[in-house]
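Could you put the whole structure together from the sequences, leaning on the hints where they help?
Now for the letters of each chain:
Protein chains: 2
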Amino acid sequence: MKFGKWYVPMVIGIIAGMVAGNIVIQPDGPAPTMSSSQIASAQNKAFVPPGQHDEYYMFSSGGHSGQMFVIGVPSLRRIRTIPVFSPDSATGYGYDERTKELMGGFTWGDAHHPSLSETNGDYDGRFVFINDNANNRAAMINLKTFHTEQIIGPIPNIMGPHSAVFVTPNTEYFMMGTRFSVPMDGSYKELEQYKESYNGALQAISVDQKTGHMTPAWQLKLPPWNFDLSDAGKGPSDGWAFLTTYNTEEATHLLEVNASKNETDYILAINWKAAEQAVKDGKFEEVNGQKVIDPEKAPGIVYAVAAAKSPHGVDVTPDGKYFVGNGKLSPIVTAYDFEKFKQAVENKDFTDEVRGIPVVNYNSVMAAEVEAGLGPLHTQFGTDGYAYTTNFVESTVAKWKIGEWKVLDKVTVHYSPGHGSAAEGDTVSPDGKYFVALNKLAKDRHLPVGPSHPENMQLIDIEGDKMEIINEAPIDPEPHYAQIIKADKINPVKIYEKDENNPDAIWSEEDARIERNGNKVTVYGIAVRSRFYPDEIKVNEGDEVTIHLTNIDLDQDITHGFGINLYDINFEVQPGQTNTIKFKADKPGVFPFYCTNFCSALHQEMQGYMLVKPKE
Amino acid sequence: MKFGKWYVPMVIGIIAGMVAGNIVIQPDGPAPTMSSSQIASAQNKAFVPPGQHDEYYMFSSGGHSGQMFVIGVPSLRRIRTIPVFSPDSATGYGYDERTKELMGGFTWGDAHHPSLSETNGDYDGRFVFINDNANNRAAMINLKTFHTEQIIGPIPNIMGPHSAVFVTPNTEYFMMGTRFSVPMDGSYKELEQYKESYNGALQAISVDQKTGHMTPAWQLKLPPWNFDLSDAGKGPSDGWAFLTTYNTEEATHLLEVNASKNETDYILAINWKAAEQAVKDGKFEEVNGQKVIDPEKAPGIVYAVAAAKSPHGVDVTPDGKYFVGNGKLSPIVTAYDFEKFKQAVENKDFTDEVRGIPVVNYNSVMAAEVEAGLGPLHTQFGTDGYAYTTNFVESTVAKWKIGEWKVLDKVTVHYSPGHGSAAEGDTVSPDGKYFVALNKLAKDRHLPVGPSHPENMQLIDIEGDKMEIINEAPIDPEPHYAQIIKADKINPVKIYEKDENNPDAIWSEEDARIERNGNKVTVYGIAVRSRFYPDEIKVNEGDEVTIHLTNIDLDQDITHGFGINLYDINFEVQPGQTNTIKFKADKPGVFPFYCTNFCSALHQEMQGYMLVKPKE
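As given, the protein sequences belong to chains A and B, one line each in that order. For the first sequence, the numbering used here begins at 1 and goes up steadily by one. For the second sequence, the numbering used here begins at 1 and goes up steadily by one.
Rather than coming from a laboratory, the hints here were simulated on the basis of the structure. There may be inaccurate statements among the hints.
Since the list gives no way to pick one copy over another, a pair counts as held whenever it fits inside one copy or between any two copies.
List time: in silico SDA-like cross-link candidates among lysine to any residue, alpha-carbon distance up to 20 Å [unchecked claim]:
{"hint": "1", "residue 1": "Lys587", "residue 2": "Asn288"}
{"hint": "2", "residue 1": "Lys615", "residue 2": "Glu190"}
{"hint": "3", "residue 1": "Lys189", "residue 2": "Pro588"}
{"hint": "4", "residue 1": "Lys584", "residue 2": "Gly105"}
{"hint": "5", "residue 1": "Lys45", "residue 2": "Thr33"}
{"hint": "6", "residue 1": "Lys189", "residue 2": "Gly542"}
{"hint": "7", "residue 1": "Lys100", "residue 2": "Asp568"}
{"hint": "8", "residue 1": "Lys538", "residue 2": "Ala251"}
{"hint": "9", "residue 1": "Lys466", "residue 2": "Ser35"}
{"hint": "10", "residue 1": "Lys587", "residue 2": "Tyr188"}
{"hint": "11", "residue 1": "Lys466", "residue 2": "Gly51"}
{"hint": "12", "residue 1": "Lys342", "residue 2": "Asn363"}
{"hint": "13", "residue 1": "Lys410", "residue 2": "Met34"}
{"hint": "14", "residue 1": "Lys587", "residue 2": "Pro154"}
{"hint": "15", "residue 1": "Lys613", "residue 2": "Thr522"}
{"hint": "16", "residue 1": "Lys584", "residue 2": "Arg98"}
{"hint": "17", "residue 1": "Lys45", "residue 2": "Met34"}
{"hint": "18", "residue 1": "Lys538", "residue 2": "Glu190"}
Only a predicted model underlies this, so the values are computations on that prediction, with no experimental measurement involved.
Structure below.
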């Protein structure tokens, strides 16, 4: 194994430095000055003049903000924040009844990897999915409305589904491999019992093609390792998914050291069509209502292949012929030949078996080891077989070519890139042109804003032989992964269609009313430039109040908000939308309500009063 | 009164159209194309090349998002979101104990008008304040850390302090005039008793010059009108504050129509030094612990002057010689001469008295009526006496000059500007150069993102005779006002100073420990690249758990997060910072915790386990 021969001393040095916590490998200090011709080139390419639209949408995870960011490329302007796992008082997300239910009692999520729906391996602009690493969930955003429409989970038996979302080429499935091992049935077991009682897992989620709705399909029981990232096969490798592992040492403490001992970990290749068949054949056990397949009892589903020390990303090439493992603690990117892998499986060309999983002969399936740089994390693809790998430790992006297997160009980024994202980079036909480095550290790149720094996106022009940084923008924490889709693939609606059948909606002032049933008060109201009907709501202290509000302004961009002073209530109604809020009128007195979203020249007049009559 | 002669039919038409809800006056449809020389000029001026810093910080309110946005000018990049009134899972704001307490049980706020601290009428870069229109609060952000350090309120007796924050020239005070009238003591009164039992109010907040900490000073009881915006006098008008009114009709329903009937409303001029003296002289009543001055009983504090129909903004010129009222429902901006106003007060040149407030003779104090355009809302100032007024209804910015009193140039913006902000525009010496129009509607200006639109900022170059739009960026809802400060005036810290005296902090692995006292468990932990100490926390179901976590990586931009799976917990520790979280261990089982903020190449290894032993 080539990388075994020379990377060890270097990596030990890096790890030692990081363990000591005082070695900063990435460059720091003032940025290199761009020449005036470079600046001219950058602004010609990246500046989007007022009134013109960006060429691409970038959907970026918001990390522990819980949200999704919609960013224009090449301008890098954040067009919108889509609330997903965390509340957003700007839009009333998590405050109105529908979105409160959607959030399921959680107040945050750790949104990691967005995935656009695909048809025949190409982004189709229908939906975008994202995982929640913290609470074992996934969300679906409908790109007609850009609103979160479904959140599933917490799904039982899994813990920290970091390695999602990466959809299959026709959005049949996505795989949520877990980062953390736990007792898989949710029981209590001490860490001393880790090796025998803890497990990793993979959750397959199936997607309804019409609605985008997600359903937990089946689970795969996996060894007590950490699983990091995954990708779906395509073309010749369609039907397979690939999953990186670390901590195959099965350490429970100080993983920084104890999970960095093995020279190699694994990439798992999972035959999800075989898993589907196993479920059909009844080869599963039901645990907490989930269909769990144990690969030891259902062979032919999971195979392992050695991967250099704690690999991070795994990425399938656009043609589906290779899957590429990124070293993290090794300076190489390994390309595996899928055809050779399939042959090795057929020939039982195995070198080992770990926990019932056959280990395919590395030397039989390894196509190349590309010397990408220090800390290669992720690889994205452009046109003509070009590949772009982010090197976290040395703060570069390396360009190399499938088949040539050597680095052709490198560009220094600022600083420490995690994922990168290329235009249509996860499809069967990437566009080339743009690559965005999602840098974890910004340090001195923008006006200082105190100890809490933004992350830093850098736009790289990848059209020429030499990569060129042409734009840069700070961004709130924390984009992990992003996907970039051609703008014309998405056609959102501008207003909500008038829904005459919604029993909560009313469409005229005449229908506005307040109904009382015991201590339950229900308000049917409208918001229209620039008034609420009704604009006086009288209730008694202790009443349970429900307000249904419909925005009857069927006009683009005319949003109304509804806030009640001191009642900690705010939500919004988009044009044509009806939303509902419920609360207990537990504070007596006089409380104004008002439109919180500037809607017209008479917006300030759009107000009313809620009078809460005190108990005698 | 000049404007009385001709504006009536036009305004009636506008109002009728808006009431009907179907007249869209602002331009719509595709934007006018910029010429290639205009584009070249725009990108030369507005594009900030990678690695270069912006020239100015813009502090923008985030409206009902509850937050403050820090934006670079001229790039219009959002550098940071500072959480203020709403939780932010990205930074753990509202999750850790300190910030949870700061939020005071509220989950949102309606942040309206940021105000930078001033010394001698110039921004000094120490603090920025902002009001919460929903919950009668104000917040102070320390610009050393860019963190919210204090929130006061809800303050009793006031309701909807929309007209803040506009600090006095040495940050002695800011005035929170209320938008809504309510029974001032918080009692319950029906709307039928509005005229006799409801009141507006003004809350003066004093500011500690060393710490920036705010204290409620005194309140002014005002008529049952709506108060909209305010500004502080400076130079000759220092010691006074100006406040616009609407709904002097004292309507309680359908304000859109019923508060738009009077030909004029008022601007109130408040002598806050006289109010200070009145408090010293004991001329106040204590209501709910607040010192309330009744101007009828303490004359010489409040005066009124007529202002065209429902005025919106009021703005004091840099030299303090004029205050300018913006018409909203009248097409004019009125400039009042402060010296003449003072003389009229001295001469008792009054035309009326309303609710005990003398009304100064309009004709004696009016310096000019500038025909700005349809729906003038706010005026900002540049160099050499130039003024810039946003016209909401006609979607323009009008440039005019103090003394010349006529419009010199107009530029169409997209669409419907609310406030505008000029570089150092609220100081005694504005910089000119840049003006940002904070447009309420974006419509077709950016890639479509469904029914929920962003707002739209446009950067206008105001250096030449003709104004020129040179940059444009979408922004999440909703910037109301913003202030733009020269970048070199702010010098934030990069890390938190190591605080050896904080009893919750520990600075080495050796001090990491878990203490138990009955069912109370206290963890003293550290976060350091790339591990937590301790990394195993064993508790019993039902325990009350407190975790103090210190980030001992004293290195710029090395933030660690701390999330616990399924426990809905996430917070962060900045370099050198200690934060605390408390929760009940009410779910038995095994729960990983992990660093949520990508911190190093071994970030994925930065994890541990919380084991919650089930009750027998």
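- Output the numbers, in ascending order, of every earlier hint that fails for this structure. Going through the list in order, the structure violates no hint and respects every one.
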